[in-house]
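Chains as they are written, first to last, in my numbering: chain A, 391 to 519; chain B, 764 to 1011.
Hint data in this document are derived by calculation from the structure and do not stem from the laboratory.
From the three backbone atoms N, C-alpha and C, an ideal C-beta is built for every residue, glycine too.
Keep in mind that the hints are not guaranteed to be accurate.
The calculated label-pair distances, taken between Cβ atoms and stated as ranges, are [claimed, not checked]: (1) B/979 / A/423: 45 to 53 Å; (2) B/972 / A/416: 56 to 64 Å; (3) B/776 / A/470: 38 to 46 Å; (4) B/796 / A/447: 32 to 40 Å; (5) A/503 / B/892: 26 to 34 Å; (6) B/815 / A/447: 30 to 38 Å; (7) B/982 / A/485: 42 to 50 Å; (8) A/419 / B/833: 16 to 24 Å; (9) A/477 / B/786: 37 to 45 Å.
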Amino acid sequence: MAGDARDERDGDREHPPTDEAALSARLQRLGERLGHVHPDRPSDSSPGQRPTADPSAIARGFRLSTELVAGVVVGAMIGWLLDRWLRISPWGMIVFLLLGFAAGVLNVMRAAGVVPHNTLEPPGSGSDN
Amino acid sequence: MDPIHQFEIKNLFPITHIGGAEIAFTNSGLFMVIGLLVILLLMLGATGSRAMVPGRLQAVAEMSYEFVASTLRSTAGSEGMKFFPLVFSLFMFILVLNVMGIIPYTFSVTSHIIITVALALLVFITVVVYGFWKNGLRFLKLFVPSGIPIYILPLVTFIEVLSFLSRPVSHSVRLFANMLAGHITLKVFGGFVTMLSAFGFLGWLGAVLPFGMTVALTALELLVAFLQAYVFAILTCIYLNDAIHPGH
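Taking the hints into account, I'd like the entire structure generated from these sequences.
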């Protein structure tokens, strides 16, 4: 799903710096060696099934609790600071509180998986976690 | 009987003075050191024998390694594995401190927002610095979705930036609030037990209910302690994924 599409694209991207290339090469060699030891581990080209007792469902539930609040709080904070610095009270607060609310809703929808995380690919090509 | 009393920071001994403010070794610092020692002993004990058939200690260490590694690999791809030390350290640190905090008379370090904010900012700054270092200005594409009409693009970009900035807030507040609320609830129900049992025999009978509640809540807290460490780790992976593969 996500992994192979990304890996293909990364292959023809610009070359990373040398030490990083050396690190990736070492990781790849280690992966090949581990492949002999763990033949059951899914390789990167075929992302395997997640384990059935997946804790990420509960984890996603926990994520939702604070995402909205965080967006609103950050929006309010930026609005308040702009009001103080530019002396445009109350417009900074009004505008950024609304924008923060929108960002919070976006956060929640992303955390719930309603909106895909990636925004550059056309919808439907669907690579999301 | 004050449920907040358990979160009080006590200075154990002063270390140095910086600008007139006393920098002291606190009980929070003490429990961080204990947590580090626990992790260190676990890892050293596990890698000491390196048996083909793992013993208990080695099995625990290998399971935690496999767990974090598979989470990171499935979220950020194999390129994300170069951040494995960071994610594994964060996961083990939070997990050990969360679980230690459940033991009575200990101090739960992760229920202080200053700790969780420091950890969340560490991740946030890593993402920003690595994202710009690896991708240059392409990293900014994270905020500019494609396929959006040009007249609402500025608005959407603003919202995306705000959404990005709100990450460290939700990242830190979630861990802190869950630990704080859980420990206060435990303390309140524990307080009911002692208060009721002061009323003689009938009080003892009545105290059974909050006592059962405390036992159940302790089990729940154990689950929350693990899940919060996992949530922190998986969100770190998701955020790192944005730095490694932006604009997707």
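Results of checking the hints against the structure:
Taken as a hint, the range 45 to 53 Å holds for the pair residue 979 of chain B and residue 423 of chain A, whose Cβ atoms sit roughly 47 Å apart. In this structure the supplied range 56 to 64 Å holds for residue 972 of chain B paired with residue 416 of chain A, their Cβ-Cβ distance being about 59 Å. A hinted range of 38 to 46 Å holds for the C-beta pair residue 776 of chain B and residue 470 of chain A, which are about 40 Å apart. For the pair residue 796 of chain B and residue 447 of chain A, the beta carbons lie near 35 Å from each other, so the given range of 32 to 40 Å is met.
For residue 503 of chain A and residue 892 of chain B, the Cβ-Cβ distance of about 28 Å falls inside the hinted range of 26 to 34 Å, so the restraint holds. At about 35 Å, the CB distance of residue 815 of chain B to residue 447 of chain A agrees with the hint of 30 to 38 Å. Restraint check, residue 982 of chain B to residue 485 of chain A: a C-beta distance of roughly 47 Å satisfies the suggested window 42 to 50 Å. Taking 16 to 24 Å as the suggested C-beta distance range, the pair residue 419 of chain A and residue 833 of chain B conforms, at roughly 20 Å.
Checked against the given bound of 37 to 45 Å, the beta carbons of residue 477 of chain A and residue 786 of chain B, roughly 38 Å apart, stay inside it.
Violated hints for the displayed structure: none, as all numbered hints are satisfied.
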